[in-house]
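2 protein chains.
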Amino acid sequence: MDTRTGLPVVGMVGGGQLARMTHQAAISLGQSLRVLAESPDDSAALVIGDVRIGSHTDLAALREFAKDCDAVTFDHEHVPTEHIAALEGEGVRIYPGSAALLFAQDKGRMRARLAELGAPVPRWRPVNDTADIAAFAAETGWPVIAKATRGGYDGKGVWVLSSPDEAQRLVDTGTPLIVEEKVPLRRELAALVARSPFGQVAAYPVVETVQRDGICVEVLAPAPGLSDERAVAAQQLAIDLAHALGVVGLLAVELFETDTGIVVNELAMRPHNSGHWSIEGARTSQFEQHLRAVLDYPMGSTALTAPAVVMANVLGGASGGMSIDERLHHLFAADPGARVHFYGKQVRPGRKIGHVTVLGDDMTEVRARAARAARWLQEGK
Amino acid sequence: MDTRTGLPVVGMVGGGQLARMTHQAAISLGQSLRVLAESPDDSAALVIGDVRIGSHTDLAALREFAKDCDAVTFDHEHVPTEHIAALEGEGVRIYPGSAALLFAQDKGRMRARLAELGAPVPRWRPVNDTADIAAFAAETGWPVIAKATRGGYDGKGVWVLSSPDEAQRLVDTGTPLIVEEKVPLRRELAALVARSPFGQVAAYPVVETVQRDGICVEVLAPAPGLSDERAVAAQQLAIDLAHALGVVGLLAVELFETDTGIVVNELAMRPHNSGHWSIEGARTSQFEQHLRAVLDYPMGSTALTAPAVVMANVLGGASGGMSIDERLHHLFAADPGARVHFYGKQVRPGRKIGHVTVLGDDMTEVRARAARAARWLQEGK
Chain A
0 MDTRTGLPVV GMVGGGQLAR MTHQAAISLG QSLRVLAESP DDSAALVIGD VRIGSHTDLA
60 ALREFAKDCD AVTFDHEHVP TEHIAALEGE GVRIYPGSAA LLFAQDKGRM RARLAELGAP
120 VPRWRPVNDT ADIAAFAAET GWPVIAKATR GGYDGKGVWV LSSPDEAQRL VDTGTPLIVE
180 EKVPLRRELA ALVARSPFGQ VAAYPVVETV QRDGICVEVL APAPGLSDER AVAAQQLAID
240 LAHALGVVGL LAVELFETDT GIVVNELAMR PHNSGHWSIE GARTSQFEQH LRAVLDYPMG
300 STALTAPAVV MANVLGGASG GMSIDERLHH LFAADPGARV HFYGKQVRPG RKIGHVTVLG
360 DDMTEVRARA ARAARWLQEG K
Chain B
0 MDTRTGLPVV GMVGGGQLAR MTHQAAISLG QSLRVLAESP DDSAALVIGD VRIGSHTDLA
60 ALREFAKDCD AVTFDHEHVP TEHIAALEGE GVRIYPGSAA LLFAQDKGRM RARLAELGAP
120 VPRWRPVNDT ADIAAFAAET GWPVIAKATR GGYDGKGVWV LSSPDEAQRL VDTGTPLIVE
180 EKVPLRRELA ALVARSPFGQ VAAYPVVETV QRDGICVEVL APAPGLSDER AVAAQQLAID
240 LAHALGVVGL LAVELFETDT GIVVNELAMR PHNSGHWSIE GARTSQFEQH LRAVLDYPMG
300 STALTAPAVV MANVLGGASG GMSIDERLHH LFAADPGARV HFYGKQVRPG RKIGHVTVLG
360 DDMTEVRARA ARAARWLQEG K
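So the protein lines, in turn, are chains A and B.
268 is the number that numbering that gives the first Met the number 0 gives to position 269 of the first sequence; each next residue is one higher, with no gaps.
362 is the number that numbering that gives the first Met the number 0 gives to position 363 of the second sequence; each next residue is one higher, with no gaps.
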């Protein structure tokens with residue numbers, strides 16, 4: 000507890016944009032987020048007073064950081080599982096716990112556990128050598144999807160393999176892998192829930208996520224044209240997984256929608272890009288919800304604030320031309336209702352430097368506005 | 000400009016809750032607010048990285064603070080006018096400027112200027128001695144309202160005088176005063192606008208403000224039952240005053256509604272308690288709007304996000320009983336849709352420690368929910 004305010008202190012390991020936006024939510028709750036950042040120039044470190052510099056792989060640094068925190072949580076999934084377990088052993092309230100987070104950190108463990116739980120998953124297999132991939136492809140047909148078991152994000156750590164030769168070259172890199180069938184998907188969805196230690200769960204409306212080159216570029220809330228039945232099934236699946244895995248905090252379940260139903264693609268246990276729309280688009284943002292969950296507050300309303308909400312990521316465009324500040328002027332002049340979120344990051348081509356959210360009554364119109372707003376910020380035109 | 004981000008730096012003099020909430024808005028715009036606070040325990044200083052400690056009455060401290068800021072603005076109106084003028088003379092972009100802010104700082108100057116502009120104001124008179132008050136009351140009848148020309152807020156610096164004896168006792172304190180008629184008001188309203196250096200103005204929906212013991216306890220947006228004609232007149236008045244006084248940033252015009260129209264009570268030139276509802280209740284919050292104005296960005300949409308929005312202030316309750324954190328748990332359980340804003344302040348009876356906002360379709364219901372939420376946080380029941 001912060002004795003100056005009588006309110007709790009949450010520590011977040013990692014100083015990226017998720018911590019930055021969580022801090023905005025913490026301020027409303029009377030708190031100040033404490034972050035463990037790699038550098039004072041990290042996205043969150045630029046805007047937070049209570050910044051500690053250190054590495055998320057350094058157990059001593061984590062231990063020191065956790066002191067006097069009412070709860071510790073994460074901006075990313077890269078803290079070694081054994082460090083989390085060690086802190087748990089010392090009585091630190093750290094969420095999600097090591098037993099849950101493991102399934103977001105290790106795709107092999109995740110797939111095995113989901114299959115055990117009877118959750119819908121693509122056909123998959125652990126990979127020890129090229130022969131495993133070839134045998135799997137003999138059943139499903141080429142191409143197949145290979146995934147690094149750890150550390151992938153934004154399309155990194157995922158490969159489409161079309162032949163035994165390609166499989167051989169990937170296996171030769173020594174990356175621990177699993178292999179999955181290439182699911183004949185209609186589109187991607189995401190179901191976001193938050194769960195508290197008490198066991199209360201709040202589910203957000205299911206959204207459609209639109210990817211380009213493996214990177215999420217747009218999120219549509221609610222997912223257009225999704226049947227109530229399938230939406231409820233996706234929410235229920237996420238709720239069941241949150242309970243079964245013992246998640247505390249947010250759980251984002253990335254889903255493929257096929258002609259016959261939904262299958263789980265990935266799990267994330269933190270605020271997630273597929274939930275950024277909730278800052279303005281839901282009564283309680285995912286960032287506040289995550290704080291409420293890890294502090295065991297009752298969950299907030301997940302109701303939509305408008306019939307159609309679209310979030311578009313802003314990627315760094317080519318350098319040169321208009322500055323980012325000039326682009327912002329033009330966007331504000333073009334669309335006074337667009338909501339902008341910049342992450343305080345240097346512009347690099349392809350890097351997520353922010354997002355925009357547009358709300359309205361008509362999904363087609365809202366989507367066009369959001370795409371135009373993101374384009375203005377990316378390309379200055 | 001912050002060279003790490005390519006985005007501007009705004010400095011705010013004063014570390015209160017207005018700076019705290021402005022920082023939340025700054026984060027979305029890719030910025031970090033810089034504050035000049037009296038103490039590291041000030042409301043805003045608790046949550047901001049870029050805090051400088053110093054006094055707003057120390058010209059050298061202000062000058063040092065303003066270095067490398069793209070614009071400087073205020074959390075309160077207590078910076079000496081001559082210091083602002085000195086910084087302007089040195090080329091600092093400081094908003095609102097001294098020529099405008101004077102009319103928010105000095106009620107005598109404000110009344111004189113508004114009268115000159117033909118704005119509707121209560122009958123009033125400058126006060127040099129008790130005879131001035133008595134002569135004025137002879138025209139209007141007792142009681143009359145005396146106001147300190149400088150430094151009043153939240154009911155402080157305002158006195159209801161019922162007799163020459165009471166007037167004498169007040170005049171004897173040496174406080175510089177003006178005297179005004181007691182306006183037969185139906186209710187109080189507020190019109191909030193923002194104006195940029197370019198001269199663009201954005202007007203928010205006119206709200207009703209409900210006072211108790213001179214402190215604003217509730218704000219209803221939009222003002223219930225206000226005719227379109229009178230709402231537009233109030234907005235136009237605020238726009239005209241913003242232009243005439245050369246305001247840059249926010250201008251809040253506190254109004255009395257009488258049987259025959261509106262009259263101006265007070266002016267404030269900063270984010271204002273009557274605009275806190277806009278964080279969730281308007282597409283662009285007053286805090287972001289103020290930043291956009293002082294940076295000469297195009298203004299954001301002021302559209303309501305729900306048909307009925309109510310903000311209720313949370314005052315410190317009696318000590319003892321439930322802690323503030325326990326109260327928050329109970330409120331969240333009772334109303335999952337209530338939006339809470341705590342200012343990081345020690346609870347002291349009567350002190351504004353936060354506010355809650357509730358949104359919905361029906362003003363009566365929304366108002367009841369907001370009042371109940373504020374009562375939970377104040378009284379724990």
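These aren't lab readings, by the way, just hints derived from the structure by calculation.
Hints should not be assumed to be uniformly reliable.
One copy or two, either will do: identical chains are not told apart, so a pair holds if it fits within one copy or between any two.
[As the list claims (entries may be wrong)] Pairs of lysine to any residue residues, derived as SDA-like cross-links and limited to a Cα-Cα distance of at most 25 Å, are as follows:
id	residue 1	residue 2
1	K351	D1
2	K66	I214
3	K351	A243
4	K181	G379
5	K380	D1
6	K380	G173
7	K380	E265
- Query: In ascending order, which of the hints set out earlier in this document are inconsistent with the structure?
  - Reply: 2, 3, 4, 6 and 7
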